[in-house]
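With the sequences and hints as input, model every part of the structure.
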Amino acid sequence: MWRRASITMRYNEDLNLLQFACESGLTALVNKLLKRKRLTSPFTFQRYINHPNSGPSALDLAVNGGNMKLVRLLLTYKANIELPCGIVSKQSALHYAARRGHLEIFQLFAGKASGQRIIDADREASHTGVKFNSLLHLAAGSGNSQLCSSLIERYHYKVDLVGASGQSPLCDAIVSGSHDLARIFVGQWGASITPADKILEAIAESRRYFGRRRSRTELKFVTSELKIDINTRNEAGETILHLAFQRMARMGYFPLTCYEFATHCLELGANPSLRATNGDAPFHLYKWFRNGTISSLRPVILLLRDGRLGVNDQGDGGNTLLHKFIRSAFNSYGPKENDIFKRLPSLLDIGADRTLVNSQKMTALQLAKMLYDDDRTVIHGTEFNIRTLEDIIDILENYVTVSNQPQRLDPLDWPVK
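Heads up, our numbering is the position in the sequence shown plus 34, with the first residue counted as 1.
Take these hints with a grain of salt, some might be off.
The list that follows gives simulated cross-link-like pairs (lysine to any residue, SDA-like), each with its CA atoms no further than 20 Å apart [as the list claims (entries may be wrong)]: (1) 112 x 125; (2) 395 x 348; (3) 146 x 118.
Label-pair distances were calculated between CB atoms; the ranges are [stated by the list, open to error]: (4) 141 x 192: 18 to 24 Å; (5) 259 x 190: 23 to 29 Å; (6) 77 x 166: 33 to 39 Å; (7) 228 x 394: 35 to 41 Å; (8) 351 x 305: 19 to 25 Å; (9) 408 x 307: 31 to 37 Å; (10) 72 x 155: 29 to 35 Å; (11) 408 x 151: 56 to 62 Å; (12) 214 x 141: 17 to 23 Å; (13) 122 x 339: 37 to 43 Å; (14) 270 x 77: 55 to 61 Å; (15) 72 x 166: 20 to 26 Å.
I should point out that these hints are in silico values taken from the structure, not numbers from a laboratory. In this text, a Cβ means the ideal position worked out from N, Cα and C, and glycines have one as well.
Printed below as a string of structure tokens:
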């Protein structure tokens, strides 16, 4: 139950006995420690319980574990719920209870005068027009429908409050993977489905797709029930496929779940040829070099198979996939295995044209040579960068392809790694 706190505290050599007892849920030991401290050091007692030398407070750890009995005990010793939480945010323990979805603890805090002050301040801030994540956003992100219901019906929170990233509580529910709660937000509480791009962004960030659980539920929910066009674009002109490939780029390993997500989007009618305002198609955002290896070609093949994109289509700055591949090799971390002689020829084999120039009038080979010269002369150059760029130049100059025409290949014919 206290796994998340354990991550925070594991490397803290200053962990005191009270924090350890709270982290472990040892209520009797906590009571004994606090009783002794109050008797022996009454003038420093409040600092002991509320302001540890380092790490989260006793109350933070009790809330993190959802230990109602321990929370009640700490409140009898005047633990302060208004102080900033030391685990994941600078907000109060009441905010943290909402974030964790602990309804009973939240109600206990809300019943205190200090808890009511926090709620009142939170509601007042929501009327100022300042974007921040309110208690309702935090509760929605926890997936607890009862807690959300309490905030909306008892404390009169507006269901469409704008959060720190411009998202509504509905979006936070979707990101958490709570599609049942999302359905309640729309069907029971009348949550708006605009702006639609924020809903799709929430889908792209959903934990169901990128954790261990994989589901098509949210995509079907927004396209079938909410009737949101899957090709809706955000202010930057990006579609849900752009967001999926951005998610891939943020991961340090080949994200099979991202690939499956992109597959589901295509099945529901997502158009991979739509461009962002800077001219990039989704596959221009692909990250070719990751920690440990060079990325699989499979997600790119997936979009090419659709037929509306060509391997030589140019994106931002007139750069093709080949230009992007070379740029990503610059200042990348060295892989354990140099797959450059496998990946780059594969890109050439499916039709990448070495003669095309970008907006700087540079072919892929010219770009590689420029970056190679830069890496040799600047202090930040690494042995891996130089060696990789040498290999790229070697391939571009000497590798012979049978055909230079784009081919529509089945991605299932290509290995994941």
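Results for each hint:
Of the supplied pair hints, the one linking residue 112 and residue 125 holds, its CA atoms being roughly 18 Å apart against a limit of 20 Å. With a C-alpha separation of about 13 Å, the suggested pairing of residue 395 with residue 348 holds against the 20 Å cut-off. For the suggested pair residue 146 and residue 118, the alpha carbons sit about 17 Å apart, so the restraint of at most 20 Å is met. Between residue 141 and residue 192 the CB atoms are about 21 Å apart, so this pair conforms to the stated range of 18 to 24 Å.
Here the CB-CB span from residue 259 to residue 190 is close to 27 Å, well matched to the stated 23 to 29 Å. For the pair residue 77 and residue 166, the beta carbons lie near 37 Å from each other, so the given range of 33 to 39 Å is met. At about 40 Å, the CB distance of residue 228 to residue 394 agrees with the hint of 35 to 41 Å. Between residue 351 and residue 305 the CB atoms are about 22 Å apart, so this pair conforms to the stated range of 19 to 25 Å.
A hinted range of 31 to 37 Å for the beta carbons of residue 408 and residue 307 is consistent with their spacing of about 33 Å. Under the hint 29 to 35 Å, the C-beta atoms of residue 72 and residue 155, about 30 Å apart, fit the expected range. At about 57 Å, the beta-carbon gap between residue 408 and residue 151 stays in the expected band of 56 to 62 Å. As the Cβ distance of residue 214 to residue 141 is approximately 22 Å, the hint placing it in 17 to 23 Å holds.
At about 41 Å, the beta-carbon gap between residue 122 and residue 339 stays in the expected band of 37 to 43 Å. Between residue 270 and residue 77 the Cβ separation comes to about 57 Å, which falls inside the hinted range of 55 to 61 Å. About 37 Å separates the C-beta atoms of residue 72 and residue 166, a value inconsistent with the hinted range of 20 to 26 Å.
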